[in-house]
Amino acid sequence: MELKALNLKDEDELINVLLTEEDTDIIIGTKFGYAVRFNQSAVRGMSRIATGVKGVNLRDGDTVVGASVITDQDEVLIITEKGYGKRTVATEYPTKGRGGKGMQTAKITEKNGLLAGLMTVQGDEDLMIITDTGVMIRTNLANISQTGRATMGVKVMRLDQDAQIVTFTTVAAAEKEKVGTENETEGEA
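Per our numbering, the sequence shown starts with residue 2, numbered consecutively.
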């Protein structure tokens, strides 16, 4: 038996589901490089088939590319379609009301491209990035610079011509491989 969880308008789509607790903040990012942070208490409870409320007021042609639960201890990670990325401390995103146009979270240029996504991280995870041509890389978040909110970011992944980043996610950091024999690692070599 199927249950309808949400009533969507024709031009809308579901991109993320977040589990929140009382007094949780949410951040939503858009492909044009804007983000809005608001407290989940601004989203009133509704029936299962309701349409919901507006989290961000989109500019013409803009779309939502990411949403996450956010605390002041988090970092906001953004990656652009052309392989640029950055981490920004969450405190640079003040809590405002939902439904605003948002504040600039990335300097969008021809060089770095539109935002591919936005998510919150703690800074000790690994990042997996996937392109529209099926290429995937894994890197530690420590390799991505922490910068201010309205900056371009640094090159995170080199792309083939016309390739774009389509998605990314975090995974637990890989353990460092032990080098040498057991005796060498114990200092008995």
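There could be a bad hint or two in this list.
[Stated by the list, open to error] Computed Cβ-Cβ distance ranges for the label pairs, DEER-style:
no., residue 1, residue 2, range
1, Ala43, Glu12, 18 to 26 Å
2, Met137, Val70, 20 to 28 Å
3, Thr96, Glu14, 35 to 43 Å
4, Val18, Arg139, 35 to 43 Å
5, Thr72, Met137, 25 to 33 Å
6, Val54, Gly124, 18 to 26 Å
7, Asp133, Ser48, 35 to 43 Å
[To be verified] Capping the alpha-carbon separation at 30 Å, the derived lysine-lysine pairs in DSBU-like fashion look like this:
no., residue 1, residue 2
8, Lys5, Lys83
9, Lys83, Lys102
10, Lys108, Lys83
11, Lys112, Lys156
12, Lys112, Lys10
13, Lys156, Lys102
14, Lys55, Lys83
15, Lys108, Lys97
16, Lys112, Lys102
17, Lys102, Lys55
18, Lys10, Lys55
19, Lys102, Lys10
20, Lys108, Lys156
FYI, nobody ran anything at the bench for these hints, they're computed from the structure.
C-beta: ideal position from N, C-alpha, C; glycine also.
Taking the numbered hints from earlier one at a time, note which ones the structure violates and give those numbers from smallest to largest.
3, 4, 6, 8 and 12
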